[in-house]
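Produce the complete structure using the sequences and hints provided.
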Amino acid sequence: MTTHLLGIRHHGPGSARAVAARLAELEPDVVLIEGPPEADRLVELTADEDMRPPVALLAYAADDVSHAAFWPFAAFSPEWQALQYATGAGVPVRFCDLPAAHQFALGEERTAPRTDPLAELAAAGGYDDPERWWDDFVESRRGAESPFEVIADAMTALREDEPRDDPHEQRREAYMRNVLRKTRKEGYERIAVVCGAWHVPALADPLPPAARDQAVLKGLPKRKVVCTWVPWTHGRLATATGYGAGVRSPGWYHHLFTTTGDVTTRWLTSVAGVLREEDLPVSTAHVIEAVRLADTLAALRGRSSAGLAEVDAATRAVLCGGDDVQADLVTRRLVVGELLGEVPESVPQAPLAADLVATARRLRLKREPQARELDLDLRTPGGLDRSRLLHRLQVLGIPWGEPEVSSVRGKGTFRETWTLCWEPGFEVDLVAAAVHGTTVPGAAAAVVREAVAGSPPLADITSAVESCLLADLGDALPEVLAALDTRAAADADVAHLMTALPPLARATRYGDVRGTDTARLREVADRVLTRVCAGLPPAVHGVDEEAAAQFCELVDDVHEATDLLGDAARERWFTALARLASRDSLPPLLAGRVVRLLHDADLLDGDEVEVRLGRMLTPGIAPADGAGYVEGFFAGGALLLVHDERMLRVVDTWLASIPPDVFTEVLPLLRRTFGAFAGPEKRAIGERAAVLSGGKLSVSPTVEDVDETRAANALPVFATLLGAAR
1 MTTHLLGIRH HGPGSARAVA ARLAELEPDV VLIEGPPEAD RLVELTADED MRPPVALLAY
61 AADDVSHAAF WPFAAFSPEW QALQYATGAG VPVRFCDLPA AHQFALGEER TAPRTDPLAE
121 LAAAGGYDDP ERWWDDFVES RRGAESPFEV IADAMTALRE DEPRDDPHEQ RREAYMRNVL
181 RKTRKEGYER IAVVCGAWHV PALADPLPPA ARDQAVLKGL PKRKVVCTWV PWTHGRLATA
241 TGYGAGVRSP GWYHHLFTTT GDVTTRWLTS VAGVLREEDL PVSTAHVIEA VRLADTLAAL
301 RGRSSAGLAE VDAATRAVLC GGDDVQADLV TRRLVVGELL GEVPESVPQA PLAADLVATA
361 RRLRLKREPQ ARELDLDLRT PGGLDRSRLL HRLQVLGIPW GEPEVSSVRG KGTFRETWTL
421 CWEPGFEVDL VAAAVHGTTV PGAAAAVVRE AVAGSPPLAD ITSAVESCLL ADLGDALPEV
481 LAALDTRAAA DADVAHLMTA LPPLARATRY GDVRGTDTAR LREVADRVLT RVCAGLPPAV
541 HGVDEEAAAQ FCELVDDVHE ATDLLGDAAR ERWFTALARL ASRDSLPPLL AGRVVRLLHD
601 ADLLDGDEVE VRLGRMLTPG IAPADGAGYV EGFFAGGALL LVHDERMLRV VDTWLASIPP
661 DVFTEVLPLL RRTFGAFAGP EKRAIGERAA VLSGGKLSVS PTVEDVDETR AANALPVFAT
721 LLGAAR
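Numbering (this note's numbering), first residue to last: 1 to 726.
Calculated directly from the structure, the hints in this document are not laboratory data. Quick caveat, the model's predicted, so the values are computed rather than measured. Treat the hints with caution; some may be incorrect.
[Stated by the list, open to error] Simulated pairs of lysine-lysine, DSS-like, Cα-Cα distance not exceeding 30 angstroms:
(1) Lys218 / Lys185
(2) Lys182 / Lys222
(3) Lys182 / Lys218
(4) Lys182 / Lys224
(5) Lys224 / Lys185
(6) Lys222 / Lys185
Structure (structure tokens):
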């Protein structure tokens, strides 16, 4: 009976190649692989031709999906190659790590050794980068002898000085030894164990007494665990993207594993292809020079072949011309990569996930890791169905699509633009959402119902209404509207009502495009508007500056919303604004804003506006109040100052009359107002102000007024700008 311990680096192409070669040579009777034993029943699925890595084992607690973990596998993962060998040869294969049932029940996170074994070996070899060392001696090696014996000796030496007080690691290794003992008792003659190199010494003979390991594992709690295969991406293998596997360059490793010759040339040719797709000028000559540079750097550094460091340097210097943006593009597209794996339909799935897969296939929506824009025409059945699906997923907290502003001109209300990007982590979100229903629309409707249960804020209910209409959740709409009507009638806060009205107004328009009956919704919106119109004057009485700014924004939002509710609603709103404008106790900022809205609607003529503006910009009014009024009034744009000389003169006279000691206090308010104007508007205002009263405001300084010291400091700068510097 012989046990062969194959210590590997997870997700290493050199390790994967060595494992595949050694297993073919050994022809073991059984293969043990580091991984969760709950996945043993899923092993046979890896032989399915529709299973294409990268993929991952997903395990989650049946009673709480927030306890979930992934075990990713790429084509260049040694564990994946071991699975492929075993299923292809008909050899039994088992996972031998500590079950996820124990790990979830313990609630412990895996901890790394106190020292990095790769860093120790790299330092001994004169390397300051352990990744570079491993790449040189294992990942980039081809055709050399097996590294497993040397790795085992090195790890044994490292573990002699490593404290062994990590309970989690002790449990894992104790369980691995128990599986190995059980396998030996079953009579297998040739056993191959594929595990992380760090664990090899713990599994080597002689094994410690079984009683000791049983004591370590005795009484461990358990939770019911569900396990399945899910698609994964190369980007998710990288350490910086979450659920990482410690691989900084999965695209490069995939290239090393799948390329049989001319590794450097083929890689740099792929780099050139990526840059050409972006219309960047990269020729064959560039590729030839890049290959030469990479090979030369490898020779200078004493390497047998160019590694990632050399091809990266050649890419940046030759193909990207030193441009960091282009180099980052290559890193994202190739070094990390954007490959998305696939799993067969026979893989166990939650009903909700299966429904999404079937719906996406019917609507021809492909799950891709690259972000892409999708423009939908809601007048077509296909466009409308895709929109409904993406909105339903938004309700479920699965943002496969993110709404964007359409790039199509004249889009109207019948177009939607989305950015689609599938993240493997959405698989967990689908499992979590499955508690709400077995289909996407059913689960989304249940989420909306839960959102309006109890006494949520009015804004949450209006958001739920909007979601119901966008996602076509007709079954839930009556309950949501009833909750909205009840909550709106009981809410006495005018600010809450004003916040809720714009989503309601937008929702009333969906019936035009989506065929939804919004008559009852319009009734609710009308009642909310009526309460806003009645409650706004007392609500803004005597409010402070911060509250006035908030109400200004709310007034603007309601003003836009009334455009969607029809002429009757607009008439009621303007009547309320007129009543509001007549109140003397209105904060200056809000007073200016209301007057501007009435003027833009032709309900206040220029003479009346000039009188009101002049009244606020007189010496009897505090300059700060005048500045607030100006800010509120001109927040709607500067064209009035450009085209109406009377208003410009009123503002200009007021500015000239502000005492110098007060002007510095008012200046920030004025900057906030006039700084928001467009450049051409500010230029036009300056030109108009310069000619007021026959140009008297444009006064040239006399010689006596010139500060010669400051002028002398400025002259060299002007000379340089004009090209007159000597």
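Outcome of the hint check:
Restraint check for Lys218 and Lys185: satisfied, since their Cα atoms lie roughly 21 angstroms apart, inside the 30 angstroms limit. Note on Lys182 and Lys222: the hinted pairing holds, with a Cα-Cα distance of about 21 angstroms set against a maximum of 30 angstroms. Among the hinted pairs, Lys182 with Lys218 is consistent with the structure: their alpha-carbon atoms are about 17 angstroms apart, no more than 30 angstroms. Between Lys182 and Lys224, the direct Cα distance comes to roughly 23 angstroms. Compliance with the 30 angstroms bound is thereby established for this hinted pair.
Between the alpha carbons of Lys224 and Lys185 the distance comes to roughly 28 angstroms, so the proposed pair stays at or under 30 angstroms and holds. Note on Lys222 and Lys185: the hinted pairing holds, with a Cα-Cα distance of about 26 angstroms set against a maximum of 30 angstroms.
Of the hints listed earlier, there is not a single one the structure fails to meet.
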